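> Each chain, written out:
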Amino acid sequence: MPDDFPVDFAPGEELLWWQRDRMHFPRPISPMMHALVPTEGINDAFKHYGLPLRSLNRRFNTYHYRTTAPTLSSPEEIGAAQQAAGKAVEADAVRIGALWYEELLPQVLEHIAWFESLDLEQASASQLEQYAAETVRRHRALWGIHFRTVMPTQTSVELFEDFYKETLEPADEFEALSLLEGFDNLTLQANRQLWLLAREAPPAVHDVIAREDPGRILAELATTPGGDEFLARFRSFLQQFGQRGGDQFIEISDPYLIEDPTPLLKNLQDYARHPERDWDTDRARIATQRDSLTAAARERLASYPAPVREQFETLLKAARDAIVIAEDHGFYIDSMSTYKVRQVLLACGRHLAARGCLKRAEDVFMLSVDELRAALKDPSADCNSMAAARHAEIAHFANVTPPEAIGTPNPAARPGPGKDRFFGTAPEPSGDPHLLMGAAGSPGKVTAKARLLRGLSHGSTLQPGEVLVAETTSPIWTPLFASAAAVVTETGGILSHCAVVAREYRIPAVVGVPGAMTSIRDGQMLEVDGNAGTVRLLEQ
Amino acid sequence: MQPALAGSPAVVSPSVVWLGESASSNPHLVGGKAAHLSRLANGYRVPPAFCLTTKALDAWDATAFPTTLADEIETAFQRLVALTGDENPWLAVRSSAADEDGDGASFAGQLETVLGVRGLAAVLAAIEHCRASATAERVLEYRRAQGLAGAAPMAVLVQALVAADVALVAFSANPVTGARDEVVINASWGLGESIVSGATTPDSFTVRTEGRVERRLGAKERMTIIVPGGTREVPVPRTLRELPALYDVQALEVARLARRLEAEKGWPVDIECAYRGRELYLLQCRPITSLGGR
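From first to last, the protein sequence lines stand for chains A and B.
Counting from 1, one number per residue, gives the positions in the first sequence under the working numbering.
Counting from 1, one number per residue, gives the positions in the second sequence under the working numbering.
No lab work stands behind these hints, which were simulated from the structure alone.
The structure presented is a predicted model; accordingly, all values stated were derived computationally and were not measured.
A few of these clues could be false.
[As the list claims (entries may be wrong)] Lysine to aspartate or glutamate pairs mimicking EDC-like chemistry, simulated, CA-CA at most 20 Å apart:
hint, chain 1, residue 1, chain 2, residue 2
1, A, Lys-165, B, Glu-74
2, A, Lys-165, B, Glu-279
3, A, Lys-87, B, Glu-242
4, A, Lys-165, B, Glu-242
5, A, Lys-317, A, Glu-116
[Claimed, not checked] Now the in silico label distances, taken between C-beta atoms and shown as ranges:
hint, chain 1, residue 1, chain 2, residue 2, range
6, B, Ala-145, A, Glu-310, 31 to 37 Å
7, A, Gln-189, B, Ala-122, 45 to 51 Å
8, B, Ala-82, A, Phe-183, 49 to 55 Å
9, A, Ala-302, B, Gly-43, 31 to 37 Å
10, A, Glu-310, B, Gly-43, 28 to 34 Å
11, A, Thr-281, B, Leu-120, 41 to 47 Å
In this text, a Cβ means the ideal position worked out from N, Cα and C, and glycines have one as well.
Using the sequences and the hints given, assemble the complete structure.
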C-alpha cells in the first residue's frame, strides 16, 4: 500500500480484490454518493438472473472500490449457475425492446412521477425524513432496473456481432456495428435540440452566443432583442434535457446542467460558430450507409436456410434496440432519477442548514443516508464539524493518486466478457514510449493536437479540430464530439458510451488507454488510429 | 417455336420430357438417374425437373447449340421456373447416363453435376458443360475399363434445387442394429452435402414405430449453402448449433415417408430429403446397402 493511501481493512476485507471503476467514479466520492452507490441494485439483478455473484463496495480514502465475490463454492456449481444465468440473460437480450419499452421503462417513469409529485418546499422535517426513506427505496429499485437493463443490452449487441462474424466474416470489427448506427437516442436528441436552438436563433441572439464568454451569454441575452424568447426556449430545453449530471456519470453532489448550464452554453457556442455543420444531413448520411450495409448483408444471406435469416433479423432488431436503450436508460435512471434524488437531499439539506445543523444545504452530501435520517429526526443534531472534516478529507485525497486495485489479487474475479467490451481490458504495452495502446473505439485515422480535459468545465479550452483527451466521457460530454477531431479516453471498450457515440459522430476514437492523461502533453501532436486502437505521440 | 403457355400440359417431344411423365421412366431416353427419380416423382414430392433426352443430345452436332433445341430448353426452363413458385430459382443440372444403373453409383464422380444454376444463360452453359464431360478423356478411359464402348449415351436433367433450410438422411431400419421398428434420421442445417461429406455432425433422431422420438443433438458446426455455380460450406452460428434442426413433428413426418417408401419398394430404404419452409422434398431413395445386426 502506498504511504499516502493508508487503508484499514476490516477483518477479511484484505482477502478480496478491490478495484476502482474509473469510468464512473474517477474522483473522490462524497459520503452520500457512497451510501447511494447502487451495489444493492447490482445484486438484485444478479439474483434475478441467478448469477452466482455478489458485488461489494467500499469507500477507501474517499475513493470508490468494488469487488465481486462468488456466492457458491465449487467450480462445478459456479459453472452450472453461470451457464443457466447466461441463458436467462440471452433470453432477455433477444427481446430487449419489449423488455424495456413494455416492462421496465413504465416502472422507471412511475418512479420519476413520484419524485415530481413531491412538494419539497413545504415539507416538514418528518415529511422530509419519510421522503428520504422512500427516496432510498426507490433509488434502489431504479438501479435494480438499471442493471437488469444493461446486462441484456450488452448481450444483445454481442449476440448480433458474434452471429455476424460467424456467418459473414467481416473485414473488421466495426462492420457489424455499422448496421446498428444512425438511430436516435435521448443523448443524441438532446444534442440535436441544442443544435436546433443555435440554428434557429435570430441574428442578434446568434451573435451573442457566438461571441460572448459562455459564462456571460445568459446575462447578455436578457438585454438582447429576441433574447427573452430564446431564454424561454433554452429553459424549456433545460427542463427536458438538463436533468443530467455534471462531469461524471452519477456524482450526486455535483451540480446538474439544469443548475449550471455553462457546459451547454459552450456547446451552443460551438454550434453557433459552425453553421456549416448540418446535424440532420450528417445523421441522414449515417442512416443511408447503415441501410446499404444492411441490404448487402441480407443479400449475402439470401440463400441461407430460413432459420439463419430469421435469427439475423431477430438479433439485428435486438441489437439496434439495445444501442438506443443503452443511452436512454442512462438518461432516465443514471441522470434524471439521480437528479430527483439530489433534489430531495438538497431539500433536506436546506432544512438542516436553516436549523444550523449544517452550514450550507450542499453539506448534506457529506452525510450518509443513515446520518441524514438521524439528523432529521433529532432537532438538536449538529453535523457541522463532521461535514467540515469530510470536506477536508476529500480535498486532501483529490490530490492523491489512488491505486488501481488493493487487497489480494484475484485475476479470476472478473466480470464476464460482456463487461470487457464495455469497460475494456488492459492492453499489452507496446514497448515504445511514443506508442500508446488502447482499444479500437471508432474507425479512422487523424493527426491533430491533443487537448487534455480534466473536467467538462474545461470544455471551453477544446478548439475545433483538436483531439479530446479525457479520463472518461459521460453522455453530456458528447456535444464536444461535434468539434473534436478524435477522442481518446483512459477507460472503456468498444461498447462504452464514448465509443458508441464517437461512431455516431464519425470521429476516430481510441478508448481504454491506460495513462493517457499522464503520457500525453496538452498541445502535443498525436496520430490517433481508431482502427488499430493506438495513439502515437509525435514530436512537437 | 412452341408458345410457352404457363400451366399448360407439357408438349410431348423426344427432346424434352418431364419427371413423372411416362416417357421419363425409360432409362434409354433419360438415363438411369432421371428414370429412377421420375418413378419417385410419381407419388412423392420430388423437386420438379425436365430432361434433355439422349435423342436430343445425340442429334446435337459438335459446336453450337441447335436453335430448335435452345428454344425448347427455354420453354421448358420457363415452365420449370413457374413450377417452383420462385421468381429466380436455383437449379441443378445433372448428367444422367443411359447405361448407369438406377442409383448412379457406378458412375459416381465421373459425370458432371452443376449446382447453383440460376437463369437461362447459366442453364445452357451448364448443359454444355455436362455434355462435354461425357466425352472427357477420363470418362472414356473409365468406360473402356468397364468394357463399355465409346462415350456414354447421355441425357441431362435440369431440376429445381431446393435451397434447403434443413437436409436429412433417413433409414427406415436402424442401419447399425438392423432393428426394423426404428427410423433413424440425421439432420442438419442447409444442404445435405455437409452431412454426406461428414463435414458436420448432424442431429440424430430415432423414431420408433409407436411414434416416440428420441433426439440427440449434434454439433452441427457447418452447413452448405448455394452460391452461383455451386455450393459453399460455411460455419453455423452458435445460436443455431444449439437448436435442434428438426421439430419432433417433422421427424415423425420423415419417418412416415420412409416407411411408406419401404412398404412400396419392399425393402428398407435410405432416403435423402430437404425441408424448405413447411415443405418436405424427397431427393433420393436407395436400398440400405448393408443392414447390421442380423
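> Please go over all the hints and tell whether each is borne out by the structure.
Going down the list of hints, with the structure as the test:
1. Lys-165(A) to Glu-74(B): violated, 40 Å
2. Lys-165(A) to Glu-279(B): violated, 30 Å
3. Lys-87(A) to Glu-242(B): holds, 12 Å
4. Lys-165(A) to Glu-242(B): holds, 17 Å
5. Lys-317(A) to Glu-116(A): violated, 34 Å
6. Ala-145(B) to Glu-310(A): 31 to 37 Å: Hint violated: Cβ distance 50 Å, outside 31 to 37 Å.
7. Gln-189(A) to Ala-122(B): 45 to 51 Å: Given range 45 to 51 Å: holds, Cβ gap about 50 Å.
8. Ala-82(B) to Phe-183(A): 49 to 55 Å: violated, 41 Å
9. Ala-302(A) to Gly-43(B): 31 to 37 Å: Hint holds: Cβ distance 32 Å, inside 31 to 37 Å.
10. Glu-310(A) to Gly-43(B): 28 to 34 Å: holds, 32 Å
11. Thr-281(A) to Leu-120(B): 41 to 47 Å: Given about 44 Å between the Cβ atoms, the range holds.
Consistency with the previously given hints fails for numbers 1, 2, 5, 6, 8, ordered from lowest to highest.
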